[in-house]
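2 protein chains.
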Amino acid sequence: MKILIVYAHPEPKSFNGAMKDLASQVLQEAGHSVQISDLYSLDFDAVGGVNDFMEIADTKFFNYLNEQVRATNDGGFVPELKTEMDKVVWADFVLFQFPLWWFSFPAIMKGWIDRMFAMGFSYEIRRNFESGIFREKRAMLALTTGSPSMLFRSDGKLGSIEDILHHIHWGMLRYVGMDVLPPFVAYGAARATAEQRAAYLEAYKERLRTVETTSAMSLLALPPSAQ
Amino acid sequence: MKILIVYAHPEPKSFNGAMKDLASQVLQEAGHSVQISDLYSLDFDAVGGVNDFMEIADTKFFNYLNEQVRATNDGGFVPELKTEMDKVVWADFVLFQFPLWWFSFPAIMKGWIDRMFAMGFSYEIRRNFESGIFREKRAMLALTTGSPSMLFRSDGKLGSIEDILHHIHWGMLRYVGMDVLPPFVAYGAARATAEQRAAYLEAYKERLRTVETTSAMSLLALPPSAQ
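Here the protein sequences line up with chains A and B, keeping their order. Just so we're aligned, residue 1 is where the first sequence starts under the numbering used here, counting upward by one. Just so we're aligned, residue 1 is where the second sequence starts under the numbering used here, counting upward by one.
Excised from the complex, chain A in its bound form:
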């Protein structure tokens, strides 16, 4: 497979960094091709808007969707976005590596979605979900949490991780047609012992080795707990 790892963490020596490095190594050893988008190192601009485009067609009223469709057709995205879009087109599989911040992606990764998943490029009206433009691609989230796993139960203090990630799984990845594999979650990574971290990396290695044969989740509009 051709695999794109989209990675967001401000500290290269973090556990997220270790997971990203492990994934790159294990996946290449398994014969896959790997590219990495290290968003913090790239100083990726998280803010979608006029700066996505070489030129603006309508300078009197900035209509983001119209400009996205136009830029898809005439190649008018800025090089920073073109580079990322080429990687997405290239990839069979997109792996997101990030710390869960406020029940969601860090803003820099949300910005990658906002800008990359441009109308025309990643979806069109009625070309979404099962008929989505990226329906031949697969995706998976690999993440760390600050809180321990016991807080992430349906009846726990925070709620289940599947419910929390639903807006990403369903509203971002499945929306553009991707098949989404179950997430890999390293709970409480910040305060984990060296042994716990080693165990997480070992378990992650196993997940990565079987990623090609892992079944996608059956996602619906309803959050998992409500199904």
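Careful, some of the hints might be misleading.
It does not matter which identical chain is meant; a pair holds if it fits inside one copy or across any two.
[What the hints assert, rightly or not] Cross-link-like lysine to aspartate or glutamate pairs, in silico, EDC-like; alpha carbons within 16 angstroms at most:
#	residue 1	residue 2
1	Lys-157	Glu-130
2	Lys-13	Asp-58
3	Lys-60	Glu-11
Just so you know, the hints here were simulated from the structure itself, not pulled from any lab data. A quick note: this is a predicted structure, and the numbers were derived from the prediction, not measured.
For chain A, the structure is supplied; the task is to place chain B on it using the hints.
Frame of chain A; chain B shown alone:
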């Protein structure tokens, strides 16, 4: 009340801009004090990390939470964040005005949360939810969607807006202790007719006039559809 409007849209003449202007006007006419954080006009940096701080205590390993706690104690946040933090401390009520992008905040608004809701400043271990630091404050989302309302039903193509917003309502606003009012949603704003837009603004005006007496939602860890 003292009201902070946090507003994110790349086009000032957008319907989001009109909703922000209306809110500012109506709330001031009702006797409230209003401040506005116009994130696109501020060119607000969405990316949380080392640039949040005047100095870094541990330059060998950037631990975001540790630096946040330290900066809360010694006033070490950069002026851009201090200014926003002062507004949050000042406000009784925080109103978020934004277009729903990919089932969530635009990245610039998620970045405002990532950077503003610093550990120490907005929460501490065991100081969250009902014992949260901001438990005397209230918040509300006012948003537009691209898709029409018929797609936002529990059994619809996208799912209910309450489920979609759950990660914000519960995981961001309620987490820091805020009482959260029901959202105001202008569905399909981009393709609405002038009459529909006028009707939305009229309905929004009514919501704003009664905002002081509106009851907060009863939020739980479970998404609304699963309760």
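In ascending order, which of the hints set out earlier in this document are inconsistent with the structure? none
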